[in-house]
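Asks: Listed in order, the protein sequences are those of chains A and B. This note's numbering puts the first residue of the first sequence at 416, with every later residue one more than the last. This note's numbering puts the first residue of the second sequence at 73, with every later residue one more than the last.
Simulated from the structure, these hints should not be mistaken for laboratory data. Predicted, not measured: the structure shown is a model, and the values here were computed from it. Wrong hints could be hidden among the right ones.
Below, a list of computed lysine-lysine pairs in the PhoX-like style, where the Cα atoms sit at most 20 angstroms apart [claimed, not checked]:
1) B:358 to A:723
2) A:726 to B:375
3) B:358 to A:677
4) A:705 to B:375
5) B:394 to A:705
6) A:737 to A:723
If you want the footprint, here are the derived chain B segments under chain A, 3+ residues with CB under 8 angstroms [what the hints assert, rightly or not]:
7) 341 to 353
8) 356 to 364
Where a beta carbon is used, it is the ideal one built from N, C-alpha and C, also for glycine.
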Amino acid sequence: MSQKIVAMILAGGKGTRLEALTKKVAKPAVSFGAKYRIIDFPLSNCANSHINTVGVLMQYESVSLDEYIGNGEKWGLNGVRSLTTTLAPRQTEEGLSWYKGTADAIYANIDFLDQCDPQYVLILSGDHIYSTSYDEMLKKHIDNKAECTIAVYEVPIEEASRFGILVTDKKDNIVEFQEKPAHPTSNLASMGIYIFSYRTLRKALIKDAEDENSSHDFGKNIIPMLLGEGKKLIAYRYRGYWKDVGTIKSLHEANMDLIGDKADLNFDYIMGGYKVYSADLWSTPQYVGKGASVSDSLINQGAVILGKVKKSVISNDVVIEKGAVVENSVVMPNVRIEKNAVVKNAVVAPDSIVFADSSVVAEGDDVVLYARKVKSHE
Amino acid sequence: MSNKILGILNLYDSPSLGGLTKNRTLGSTSFLGRFALMDFALSNFTNSDIDEINVLVKDNFRSVAKHAGTLKSWVNNTKIGRQNILINEKGIRDPKYNSDLNALRENDWILYEVDVDYVVIAPAHILTSIDFREVIDFHIKNEADVTIVYKHIKDADTTFLTSNVLTLDGNVIVDYVQNKGKSADANVSLRTYVVSKEAFIKWLRHRDYRDATSLRMLLETIISEQEEKVLGYEYTGYARCIDSLEHFVEYSFEFFDVKVADEVFRSDWPIYTLSRNTPPTLYGPKANVKNSFIANGAKVNGKVDSSIISRYVEVEEGASVKNSVILTEVVIKKGVKVENAVIDKYATIENDVIGKEDEHIYIPQGKKVR
Numbered sequence: 416m417s418q419k420i421v422a423m424i425l426a427g428g429k430g431t432r433l434e435a436l437t438k439k440v441a442k443p444a445v446s447f448g449a450k451y452r453i454i455d456f457p458l459s460n461c462a463n464s465h466i467n468t469v470g471v472l473m474q475y476e477s478v479s480l481d482e483y484i485g486n487g488e489k490w491g492l493n494g495v496r497s498l499t500t501t502l503a504p505r506q507t508e509e510g511l512s513w514y515k516g517t518a519d520a521i522y523a524n525i526d527f528l529d530q531c532d533p534q535y536v537l538i539l540s541g542d543h544i545y546s547t548s549y550d551e552m553l554k555k556h557i558d559n560k561a562e563c564t565i566a567v568y569e570v571p572i573e574e575a576s577r578f579g580i581l582v583t584d585k586k587d588n589i590v591e592f593q594e595k596p597a598h599p600t601s602n603l604a605s606m607g608i609y610i611f612s613y614r615t616l617r618k619a620l621i622k623d624a625e626d627e628n629s630s631h632d633f634g635k636n637i638i639p640m641l642l643g644e645g646k647k648l649i650a651y652r653y654r655g656y657w658k659d660v661g662t663i664k665s666l667h668e669a670n671m672d673l674i675g676d677k678a679d680l681n682f683d684y685i686m687g688g689y690k691v692y693s694a695d696l697w698s699t700p701q702y703v704g705k706g707a708s709v710s711d712s713l714i715n716q717g718a719v720i721l722g723k724v725k726k727s728v729i730s731n732d733v734v735i736e737k738g739a740v741v742e743n744s745v746v747m748p749n750v751r752i753e754k755n756a757v758v759k760n761a762v763v764a765p766d767s768i769v770f771a772d773s774s775v776v777a778e779g780d781d782v783v784l785y786a787r788k789v790k791s792h793e
Numbered sequence: 073m074s075n076k077i078l079g080i081l082n083l084y085d086s087p088s089l090g091g092l093t094k095n096r097t098l099g100s101t102s103f104l105g106r107f108a109l110m111d112f113a114l115s116n117f118t119n120s121d122i123d124e125i126n127v128l129v130k131d132n133f134r135s136v137a138k139h140a141g142t143l144k145s146w147v148n149n150t151k152i153g154r155q156n157i158l159i160n161e162k163g164i165r166d167p168k169y170n171s172d173l174n175a176l177r178e179n180d181w182i183l184y185e186v187d188v189d190y191v192v193i194a195p196a197h198i199l200t201s202i203d204f205r206e207v208i209d210f211h212i213k214n215e216a217d218v219t220i221v222y223k224h225i226k227d228a229d230t231t232f233l234t235s236n237v238l239t240l241d242g243n244v245i246v247d248y249v250q251n252k253g254k255s256a257d258a259n260v261s262l263r264t265y266v267v268s269k270e271a272f273i274k275w276l277r278h279r280d281y282r283d284a285t286s287l288r289m290l291l292e293t294i295i296s297e298q299e300e301k302v303l304g305y306e307y308t309g310y311a312r313c314i315d316s317l318e319h320f321v322e323y324s325f326e327f328f329d330v331k332v333a334d335e336v337f338r339s340d341w342p343i344y345t346l347s348r349n350t351p352p353t354l355y356g357p358k359a360n361v362k363n364s365f366i367a368n369g370a371k372v373n374g375k376v377d378s379s380i381i382s383r384y385v386e387v388e389e390g391a392s393v394k395n396s397v398i399l400t401e402v403v404i405k406k407g408v409k410v411e412n413a414v415i416d417k418y419a420t421i422e423n424d425v426i427g428k429e430d431e432h433i434y435i436p437q438g439k440k441v442r
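Extracted from the complex, chain A is given alone in its bound form (with noise of 0.2 angstroms):
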């Protein structure tokens, strides 16, 4: 069966720095705006570019991850014509062994590639936050014949020492990449996202798999590799909103610039033009009491909010009870806020029970991460 593109996303990261909320799900399952999971980002973006084969590498935390993905189906990705499939690591003749870096990841699963038979493949993260197709970026890549070309997001040059950054001619031409230089000579932040011609990519993957010196990843290994040997390389510039959430403070900022000022120039930007397709809980309307107040807030259905809510994202099947008060913060799945409490610049955990009468704040720009689980099996 011949493709003519096949994304693969990389989804197997822990995501160490979001705590708690990463202890029993991979980071591209971790809840986001209200209903989301943010792998349900770049496999809507799948969707909305007539993508119809998706693997999904994984590692982290597989299970909950696998079972979230199925077949596609929560994206339409389970049409005649779409395959979606998991990717997790396996034994093989040669052995058992853990994806060592990106391009390894990759690399393990030729085999499905080549069974796809792909001319391009294109390289997702499974953790960034954003809303496009894919169309302008592939139809640049064909156009320029390239042999590979590289998603990059505009970032202030004084913060441009924390990416890995292009340096592109006029033509956006790829001439260098620098991983997180100290003095930046362009302010072109790799996205992490690639679309490859797969004769390329392929040969370039078994020549990396080759070097026991290699890290085996697309930013420190392939691209370089693909750099030296003189390969055709060219930037697309992705305007629009875009963010990688890897710490509690950028989960909780990005939640926020769904609300408030930002929402108008936000929202639809992430919800509106292209629809983000996620799973169906079955959930109740969302019903907001009498002597409740609600405002500068997105919230799902399945919600109960019978206290005062300000400035806050609050997900499905989440009670906020009589008295209580939540102000610029992301509740998460299943939370229960029980009475009077009071919980302030704060991300709550699913599944948690804030008490009543207590308190979860942080003070000034800081932000609070509450996890405290209710055990149902003990």
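Use these hints to put chain B onto chain A, whose structure you have.
Replies: Same frame as chain A, now just chain B:
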């Protein structure tokens, strides 16, 4: 071996809700901003492990197809069981004969397809959470031909006026007549029936029954002539009969009471519906919402009190909505006041719409109120 149950949602059995049901069936009418009324009966089938799910459609087929599709939202296993939308093509050509019983006769091919043991027939306008497994157990244990599910109510003088009142001798129904509202205390039919295979085949094919045109008439005849063993099964859970626009509004608002909501929305009895992939509700800085159901996709920046706001409704700044039901994609413009109203889909409200508390004003689909 478990029994093969054929579930039939009977949309013939639908009172009018005025303008709301002009271009759609009662079953496809929006409820609580999240559901269609048919979701309740269909979910009862699903939750009762019924795999063969059928919808008997009288008219406005488009509205049923749009919501129910191939009925895949209500199946447990996508390979087991068959789901059918049953239409009466003869009836469409000649509406005089377009009754539920004739529609079933037209669709008797279903008996060749499914080797059915029992048939369960339920309407969309009576909301319940009946576990049909219990009714079928009762039906089998008592060797009934037909079991009619009823509820004992104390306000039969004002509700269930489209249903029949039944008189029992033990389990046996000895009298079955239209509820004329004479007595508040009554056993009312939930128009939900379990029928054994033999009886069902007889209804559809036996010449003795040829004169009966509707299920209701047939049941009245059978009971008065005592030809078959017709028993009553008492159901004691939540049941409401949506038979008018006012009842539609009243029973919607009733869900603001947590006791009612908890009785219907049970974790062991989900109400399945069509997934629409709508983003969560966005509340603006000027939002002021009380005692209301707000659906996903809505944007609220005005005042909402004791109302139901459906998908993609916009309540702009300074607008206020009170005691109203607002259907999908309605826009309530800045500063406009809406009170005691039912506003149908796609309407734009640029001027005040004020109804009476006991007589809600209805604004038709797509209407621009200037």
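Asks: Does each hint fit the structure? Answer for all of them.
Replies: Going through the hints against the structure:
With a CA separation close to 14 angstroms, the supplied pair residue 358 of chain B and residue 723 of chain A stays within the 20 angstroms bound. About 17 angstroms separates the Cα atoms of residue 726 of chain A and residue 375 of chain B, which keeps this hinted pair within 20 angstroms; it holds. Between the alpha carbons of residue 358 of chain B and residue 677 of chain A the distance comes to roughly 15 angstroms, so the proposed pair stays at or under 20 angstroms and holds. For the hint linking residue 705 of chain A to residue 375 of chain B, the alpha-carbon distance of about 13 angstroms falls within 20 angstroms, and the restraint holds.
For a cut-off of 20 angstroms, the pair hint linking residue 394 of chain B to residue 705 of chain A stands: about 13 angstroms separates their Cα positions. Of the supplied pair hints, the one linking residue 737 of chain A and residue 723 of chain A holds, its CA atoms being roughly 8 angstroms apart against a limit of 20 angstroms. Counting residues of the segment 341 to 353 of chain B whose C-beta sits closer than 8 angstroms to any C-beta of chain A gives 9, which meets the bar of three, so the coverage hint holds. Interface restraint, the segment 356 to 364 of chain B with chain A: holds (9 residues with C-beta to C-beta distance below 8 angstroms; minimum three).
The structure shown violates none of the earlier numbered hints.
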